[in-house]
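S.K.: Below, each chain spelled out in residue letters.
Protein chains: 2
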Amino acid sequence: MRRPRSEPAEQPPAQEDLLLAAAYVSDAQYNRNVPFETSPRAIRLYCFYNHWTLRVATYIFICVDLSLALFEEPAVYPLPFLATATVEILCLTVFFGRLMHFAKVTPQIVFWKDTKNICILVTIGLTLLDLIIYGSLEAAHIHSVRWSRALRPFFLINLPESRQVRRALRSIRNTLPDILYVFLLFMFSVLVFSLMALKLFGDRGLKTAEGSPYLTNILEIAFELYVLVTTANSPDVMMPAYDFNGWYSLFFIAYIIINTYIFMSVFLAVVYNNYRKHLKNEIRKLVYLKRYKMIEAFNILKVQVGVEFVVQEATWKRLARLVVPDLSTSHLELLWKISDEGQKGHVDRMNFLRLADLLNIQVVTVSIKKHPLDIWMPRIYQSSASLLVQRMVRHRVFVWVYDVIILLNAVFIALDEKSPIISRMEWLFLSLYIAEILLKLYTYEPRAYFGRRQFWNWFDVLIVIAALVATVANATIHSARKYNSQQILDIVLILRILRLLRVIISIQRFRVIVTTLINIGPTMLTFGGLVFVVYYMFAIIGMEVFQGKVHFYDANFTAPDALLCGNPALKGSAFARARYCKNNFNHLASAFLVLTELTVVNQWHVIAGGFALVTHQAAKLYFIVFHIVVVILIVNIFIAFVLEAFFVAYSLEKSEIETAIEKKIQELGVGIQEEEEQDEKPTANLSAKDGGFSEEDEGVERKASKGLYCRIASNKYRTVDALLQRMFESELAPDDDGPSLDEILSFSPSDMYLKNPNFESSA
Amino acid sequence: MRRPRSEPAEQPPAQEDLLLAAAYVSDAQYNRNVPFETSPRAIRLYCFYNHWTLRVATYIFICVDLSLALFEEPAVYPLPFLATATVEILCLTVFFGRLMHFAKVTPQIVFWKDTKNICILVTIGLTLLDLIIYGSLEAAHIHSVRWSRALRPFFLINLPESRQVRRALRSIRNTLPDILYVFLLFMFSVLVFSLMALKLFGDRGLKTAEGSPYLTNILEIAFELYVLVTTANSPDVMMPAYDFNGWYSLFFIAYIIINTYIFMSVFLAVVYNNYRKHLKNEIRKLVYLKRYKMIEAFNILKVQVGVEFVVQEATWKRLARLVVPDLSTSHLELLWKISDEGQKGHVDRMNFLRLADLLNIQVVTVSIKKHPLDIWMPRIYQSSASLLVQRMVRHRVFVWVYDVIILLNAVFIALDEKSPIISRMEWLFLSLYIAEILLKLYTYEPRAYFGRRQFWNWFDVLIVIAALVATVANATIHSARKYNSQQILDIVLILRILRLLRVIISIQRFRVIVTTLINIGPTMLTFGGLVFVVYYMFAIIGMEVFQGKVHFYDANFTAPDALLCGNPALKGSAFARARYCKNNFNHLASAFLVLTELTVVNQWHVIAGGFALVTHQAAKLYFIVFHIVVVILIVNIFIAFVLEAFFVAYSLEKSEIETAIEKKIQELGVGIQEEEEQDEKPTANLSAKDGGFSEEDEGVERKASKGLYCRIASNKYRTVDALLQRMFESELAPDDDGPSLDEILSFSPSDMYLKNPNFESSA
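Chains as they are written, first to last, in the numbering used here: chain A, 70 to 832; chain B, 70 to 832.
Simulated from the structure, these hints should not be mistaken for lab results.
Keep in mind it's a predicted model, so treat the numbers as computed, not measured.
We put the CB at the ideal spot given by N, CA and C, even for glycine.
Incorrect hints may appear among the rest.
Unchecked claim - List time: in silico DSS-like cross-link candidates among lysine-lysine, alpha-carbon distance up to 27 Å:
(1) Lys640/B x Lys618/A
(2) Lys354/A x Lys185/A
(3) Lys276/B x Lys640/A
(4) Lys640/B x Lys276/B
(5) Lys276/A x Lys618/B
(6) Lys268/B x Lys689/B
(7) Lys640/B x Lys276/A
(8) Lys406/A x Lys386/A
(9) Lys640/A x Lys640/B
(10) Lys618/B x Lys640/B
Claimed, not checked - If we take Cβ atoms under 10 Å as the criterion, some of the chain A residues that face chain B in the derived model are:
(11) Leu264
(12) Asn302
(13) Tyr317
(14) Ser453
(15) Ala454
(16) Phe710
(17) Glu713
Isolated chain A (complex conformation) (with noise of 0.2 Å):
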């Protein structure tokens, strides 16, 4: 891949040899690991394939495609077949276009060495040889099934953008192989115990609470201990055994505990194990890779100064600019600085190889302002009545105050609000809310008030402004229609009591908390998309199966069979009893929701049982399948990826690992340590001493200069990657080259322990 250089000289570079530097420490700051073509032309079709806009594009494809469900049969607003069909091709197209980019910039071997591309081409092939056939057989009337559907989310997976996805995807399939032993273990114990109730149960005669005949038939036998498994029918499949002889409740007892207790606690041994283990395992293929990109943009554009190669002043400013064409001067000047050791004009290989990161630090721009008040009237807002108002707003009992009445406004809220004098004293809490934000506009400076980053400023005025908007409108409109507008009043109701929330930012414990849980949310929302890849594929597959045999009818429906769901099969059933008639497949929007419920596994056999009366009892495989993967899979991992987060969190407050580059950075007294003076600055100007956001931008004014300084996230990683990134880093000595290209891509978590005792041991 690395092309052949000519003999370094003293001339600069040429434009080409920047843009391929450029392209490799954009794909280090951003992880990227595409291997690409270094001709000129390939290098500026790769540069182009990166664009935002194109990966934005690909984006909005992706999710019309997967929102066709949405409009087709069976559907929430249908469309016809040809509608849905030409805008599917449209999407295809699309792909196959992304597609045939892509194999403009990557080499030909590797581009059909990579499964994702086969499997997307598979995919496109697969769509439209099912359209066709499926259009044909409309055409003559003929209906068949769309099943090319339950594929669409290869697209999601597959395009080279959703890297995290298809990680979390590949934590599921390295678990396979550990977690399966352990699984037919479990299926042996299950089926054993189901052997034993046959022969303890089975002729006894006995009678569920309903009347049916009680754990008579192995394969019922089977499901209802599987069930218990995930305690959704305890304690019901033990009472009529229990009922007949107090001694039977030991059989259900030590099934509970193997199955239950412990079998499930080593599913979740093993998958957090290997979560772990793979996690490490990629985190050093990254740290390695991004090295290697670096090491290759140096080798293109070094010269020789003295005994060693260097990257001249103007070379790496050229380069900084080709990969962040936005880059403003003094933004460059600064990395420059910290770039530049000992100031000699140009930069050697250890300092070069910080670039990518550089890149990625946060500049924060620093100014001090004067408040608009002081500057139209100073004579006024420097008055002394006008000071004693800032103090007091500035002071902390002015929070507690407002907590209080928060609290209280909590109470009037628990109560009916039809009593006039409550729904009287709502307006004297909006008023007193206004008057509140008010006077923080008066007292600290509005755009840094409202600045970037004071989520909480701005959460604070739109819920009141919301409230305010609420409360007049439910008042003019009240005695006209009740309810006029039901769902946006609903909105702003729970905007009103989410105003609750800001109690918390007043709880220092609290805020710790709601901080790492913010932390961890992004990467939280990966589970997200896999959880949304596995629903789309169950939901296709149930609506195609399971659509129109159960329908809801309204409350006030008076249909003889309204509360059979319209399906005489369920006559009896626990699934008529509990009005689970919603609960259906005949839409997406309505599927999701199904497997939501089943997700959260409570009451599922009864899901399951009525979907099996009106098909086949075959269909309990479909929720059990469900089950497995969702619950003992992918529930598992999320909770392993809370714990770990947790534990990553917990072992850097006791280590603090800094890098080169934040040595560096305080070393040139140019950095921000974030909630650096967290506390009571009454002078401070520029940031309002609000929310748990705001306090990042208060360690800024022990400079009394405007500036630029570099904002560095200590103790406050937004992913636990990053986190376990940075760890590895602090570890790699500066002048390591890491193992070869190869070497790093057939990397395996068994040789790690080898190479890297301490990350190994440490996270």
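We have chain A already, so just place chain B on it with the hints.
M.R.: Okay, now just chain B, sitting in the frame of chain A:
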């Protein structure tokens, strides 16, 4: 605690010095940490205090005291108050005597500083007080409450023997401060959602499936939403709102994601994190205390030889005999050989410190015996036909054939056994099993086959005999009376099916999982103890509050309120509809079963609702508190324990830890590695190559000579504790004196990282 010592001289140490050293060594051997007086009389008393008969007697009296609840009102087997009171006073006397014995042994200040002792004294006093009050009221025919019964588990917890249970309780207590804030935030979130639910659904006039009003009261909503966190009422609690308007499902989905998934994972993370932290701190304490005691013992016995202090051979051997009186001479000689480096006739400090570990190492007698038949009629036994049979039995195909037979048997068990062919097949299987055992006894040496550790062989033979007896009994009395003695036949039936478990042994991967689980077993019993203590307390309270409120009537009983559990308040309740009448607190066994069902969580709100109906809504608090204590705390600690056990086993796999002793034993060539040469050893005559446990003895025959060997349990530690202890010990320098006693006792988890960074991160 260290008594003043005279100058070391060449004369043998006095008997009292030896006794004191033996007490220290014995404490180190069993990890006992009781400070005792060092006067000769106190030491003798202390040895007597630690004697196994006294310990067992104490345990028996604790069991008797706890089991009194079975005989007191509400009783399983009622006894008059006078009888139970007499037994209880007897038990109290024994506990008091034991405590006084302890007071004689330990220094006064230490005794009164220890909350354990105070706790026992107070509990004894309170129990006596309660007995007197209850007895006198009973004499006046006034019914009162035996409240002190809930305190009985304190005896179990606080006696020095229950160290493990106390530690588990301690980890709960340590977790509380950290978990408290998460819990408060969680409750805040539940309340905010409750408020929203009230506003959104309160005045819609919706009805639940049972026709009762839906979410109209804030307390009721908070309870329902708390139940939703446990998933027990999902999706029922959502259905009315969802039926009314599909968008309302978003409210419940948001609730479940935040409270069930995220908060519950955070609870697990916090509990696990604390568990790990404190576990390692305790291990460190144990290891240092052990070393401290061994150094004390050394200082008592040391004599100066040249420049170094040593312990003479005669002293060392007398000491070992004092610590383990039934030590055989050959065993002692072997230990001496390991300790005495360079055959100098004395041991230095480093080797002396090993003594406690040495005494804990298993020593096996290895002797190769000839088969009795080989002795009685060698000609026939060594004939080619006989040898062929033996070779056949030893072949692995023999095992496989029997696996197939067992699976076939499983199929036949599953089929209806009433048809005559199948019941005749049962005889065939039985004879095949008997043939297998006879063949094995013919091939392997019978005493080895029925050796102490041949668990699976014993299991096998017992089950075959049981099945034989059962089948014979069944056949003879079948026509006369069907199901003569039901319970015995049931047990035999289960045993017959348990035979299927032998299939596990044939599959290597299954065996590994089962072995791991069995190794974790003993420590799991600690959790059993903890759960028992909590259950007992809750059961006693529950019995006092709920006894007699709900009655179970036999299914054939035709009283009008049999279906209402004899309580009209239950009319129309979910409790009565689900026929939960037998889930009551009318005696201890029944109460324990209800608590088990509450631990499994599902339907707990139905049980709570039922008991709230027959008493008061506040009764739900009892069930909520139980859920928080058992499910949120104890079950999470259990999961944390299983996870940790797996990870420790996993990290041990990667890095072999060898303590000094093991290295020494290996050097001397007197060690037996477990699982060494596991496969195929057709000439082995002493070990039945048959079971998962038998393989432990197989490495033996590589030494042709008869003799004693040390068994080293590599990779197969019985407990996580022992394992962690070894890991920590392997890091300690052999000549490290360790911190002083006071420092050890005040160890805290936070100062751990600085002192032992590797140990901290490795586990």
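S.K.: A separate judgement is required for each hint: does it hold in the structure or not?
M.R.: Checked hints:
no.: 1; hint: Lys640/B x Lys618/A; result: 35 Å, violated
no.: 2; hint: Lys354/A x Lys185/A; result: 19 Å, holds
no.: 3; hint: Lys276/B x Lys640/A; result: 22 Å, holds
no.: 4; hint: Lys640/B x Lys276/B; result: 18 Å, holds
no.: 5; hint: Lys276/A x Lys618/B; result: 25 Å, holds
no.: 6; hint: Lys268/B x Lys689/B; result: 24 Å, holds
no.: 7; hint: Lys640/B x Lys276/A; result: 22 Å, holds
no.: 8; hint: Lys406/A x Lys386/A; result: 11 Å, holds
no.: 9; hint: Lys640/A x Lys640/B; result: 24 Å, holds
no.: 10; hint: Lys618/B x Lys640/B; result: 14 Å, holds
no.: 11; hint: Leu264; result: 5 Å, holds
no.: 12; hint: Asn302; result: 7 Å, holds
no.: 13; hint: Tyr317; result: 8 Å, holds
no.: 14; hint: Ser453; result: 40 Å, violated
no.: 15; hint: Ala454; result: 38 Å, violated
no.: 16; hint: Phe710; result: 9 Å, holds
no.: 17; hint: Glu713; result: 9 Å, holds
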